[in-house]
Amino acid sequence: MSNLRFWASGLLLVLVGWLLGRLVSNEYAFFAGYSVLQYILLATAWNILGGYAGYVNFGTAAFFALGAYVSVALNKLYAPPLPVLIVAGGVASGLVGLLMGSLTLKLRGVFFSIATLALAIVSQAVITNWEFVGGASGAYVLRPRQGPLGGSYIEYLFYTMLVMAVAAVALARTIERSRFGYGLAAIRDDEAAAEASGVPTLKLKLLATVASGTLMGMAGAPLPFYVAYLDPPSAFNLAYAVNTIAMPLVGGTGTWIGPVLGAILLTVVQETAMVTISSAANLLIVGLLMVGFITLAPNGIVGMVRKIREGRR
Amino acid sequence: MPDPSAILNAVVAGVLLGGFYAAVALGIAIAFGMLDIPNLSHPAFVVMGAFATWVLNSTFGIDPVLSGLLMAGPFFVLGVLLYKLYHACFESRGEAPLQGLAFFFGILFITEVVLVLTAGADYRSVQADYIGVSLNIGSLTLPLRMVVPFVVSIGMLLGLQQFLTRSFTGRAILAVSQDKLALQLMGVSPTRIKALAFGISIATAAVAGSLLIIIQPVEPSIGRDFIGRAFAAVVLGGMGSFWGMLIASIILGITESIVSDMWNPSWAPAIAFGFLLPTLAFRSGGLLGRKL
Chain A
1 MSNLRFWASG
11 LLLVLVGWLL
21 GRLVSNEYAF
31 FAGYSVLQYI
41 LLATAWNILG
51 GYAGYVNFGT
61 AAFFALGAYV
71 SVALNKLYAP
81 PLPVLIVAGG
91 VASGLVGLLM
101 GSLTLKLRGV
111 FFSIATLALA
121 IVSQAVITNW
131 EFVGGASGAY
141 VLRPRQGPLG
151 GSYIEYLFYT
161 MLVMAVAAVA
171 LARTIERSRF
181 GYGLAAIRDD
191 EAAAEASGVP
201 TLKLKLLATV
211 ASGTLMGMAG
221 APLPFYVAYL
231 DPPSAFNLAY
241 AVNTIAMPLV
251 GGTGTWIGPV
261 LGAILLTVVQ
271 ETAMVTISSA
281 ANLLIVGLLM
291 VGFITLAPNG
301 IVGMVRKIRE
311 GRR
Chain B
1 MPDPSAILNA
11 VVAGVLLGGF
21 YAAVALGIAI
31 AFGMLDIPNL
41 SHPAFVVMGA
51 FATWVLNSTF
61 GIDPVLSGLL
71 MAGPFFVLGV
81 LLYKLYHACF
91 ESRGEAPLQG
101 LAFFFGILFI
111 TEVVLVLTAG
121 ADYRSVQADY
131 IGVSLNIGSL
141 TLPLRMVVPF
151 VVSIGMLLGL
161 QQFLTRSFTG
171 RAILAVSQDK
181 LALQLMGVSP
191 TRIKALAFGI
201 SIATAAVAGS
211 LLIIIQPVEP
221 SIGRDFIGRA
231 FAAVVLGGMG
241 SFWGMLIASI
251 ILGITESIVS
261 DMWNPSWAPA
271 IAFGFLLPTL
281 AFRSGGLLGR
291 KL
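Quick note, the sequences are listed as chains A and B, same order.
Those letters in the first sequence? Residues 1 to 313, per this note's numbering, in order.
Those letters in the second sequence? Residues 1 to 292, per this note's numbering, in order.
Keep in mind that the hints are not guaranteed to be accurate.
[Said to hold, decoys possible] No farther apart than 35 Å at their CA atoms in a straight line, the calculated lysine-lysine pairs in the DSBU-like style are these: (1) A:307 x B:84; (2) B:84 x B:180; (3) B:180 x A:76; (4) B:180 x A:106; (5) A:106 x A:203; (6) B:180 x A:203.
The hints are simulated quantities; they were obtained by calculation from the structure and are not laboratory data.
Kindly generate the complete structure, drawing on both the sequences and the hints.
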């Protein structure tokens, strides 16, 4: 896809989303749409570090929930408008990413992954003990009735998420085609060789971790308004971590389109399974799809499509 | 200033708890420390072992420790099969790190959901004569439900240590962790040795599971609490060092026990991370290991 076509279709998508939103009167459509977009944002954020550089982050829930809880805290103190909360959530999670990264990225990727897994557990303990944001019993957030642009607040949240998701995908695509992205790809393929050829590996890995963490925090910031009641077990739900990893792996990790495809596919599958089977079964489906894809089709849907195309030629 | 006998009790309880953590971490010390297989799903197998123990105990009245040992056989086979799959899909393709981690994370998740779907999300516990009984030595109280797991765990550790240093197979396992090529030149297949060692590591999960359900009631998602702890114990101890891992487990147990007693139990899971992060950042060789 050429640059012009990509940016035009991104803009068009936002416009079409907004127009559709004006026509739809069913609130459920916004809830479902928000959920898909949130996962597109999270999966894209994960992919910047996981897919491009090959460093697996198991701590999505930590970065995401941190954004959500910063938003709960600030909202309780000053009740600033949503964009301010999003920026604050992003900054907080980006800083955590910087700290985590600077402590563990010097080692092999496995150790970074284990540290992120532990980060999710420790941040849940911190939030559970932080009474100001509700502690273990959770926090209620009053969702305003009206959005600032007219229409319901859920509609406003949906547009906000739409803009963020499209922007994140555009950012990921830009990174993928920049020197930064090529550096990350070199790290993924052979870190020692990359370092030897003069790629500043530590700096690039840190930058990718910060970018990825920031986007995850931004994704979490509107969450309290979306759910209206937030407690640690739901904010730190393992489902976020599993989905965020499963989506890029199912879609294909090397490219910006992979996480988008994976996010759409897996949310649709889960929404369907939730209605037709049960909520426990829908998590099982995600787990099985993820393991199935990494064992049988390690390059995801994008890889499969590419193979079929090459086969035809 | 808290009562000294309360501190003593907390420390002793921590040592016993740490002994049990060593049983969970043992499998990871083998799989991750020696074979370089990041088996994140190990704690899920521990929980699976706990549920198997619960089934054997509640239907046939078999002693929990005995059922743990009985389950070690089937778990060994399961481990060998899992390694074969891992090897065929990732190790032999050379894309072990990223995909392998995600693979084990998926296995962790699948095991947990399957347990919820088959056994339900309720807490399960076992019956045995020693559960609920305590030894009293002076002001010291030793609950047997903690002492029995400690003894079994240390026994298992000693037994495996002997096996690894004395037997031919054991030495081959140690060798594969150090130099795969040299092992091949001696006419031993590293893949076979690794499959065997991974089988042993999953077999220890069966025993650790039976110990877990003696200590506390178990529900399917409880395994996650042990991922951080067990990996912290292995990394802090120094990859591949059993004694380092045991010392680290006990340090972890004592710290958790003191923090829970004196402060707040909800902080306990965070302590492992408090040890893990500085270790990774400043002393990646751990207490008794090589630098990473």
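### Hint consistency between residue 180 of chain B and residue 203 of chain A [alpha-carbon to alpha-carbon, up to 35 Å]
holds (33 Å)
### Task
Decide if the proposed pair is consistent with the structure: residue 180 of chain B and residue 106 of chain A, CA atoms, cutoff 35 Å inclusive.
Satisfied, since the Cα-Cα distance of roughly 25 Å is no more than 35 Å.
### Task
Would you mind confirming whether the straight-line C-alpha gap from residue 180 of chain B to residue 76 of chain A stays at or under 35 Å?
violated (58 Å)
### Query
Within a Cα-Cα threshold of 35 Å, do residue 106 of chain A and residue 203 of chain A meet the stated pairing?
Status holds; Cα separation ~10 Å.
### Message
Please verify whether residue 84 of chain B and residue 180 of chain B have alpha carbons no more than 35 Å apart.
### Response
holds (17 Å)
#### Entry: Hint consistency between residue 307 of chain A and residue 84 of chain B [alpha-carbon to alpha-carbon, up to 35 Å]
holds (27 Å)
The structure does not agree with numbered hint 3 stated previously, though it agrees with all others.
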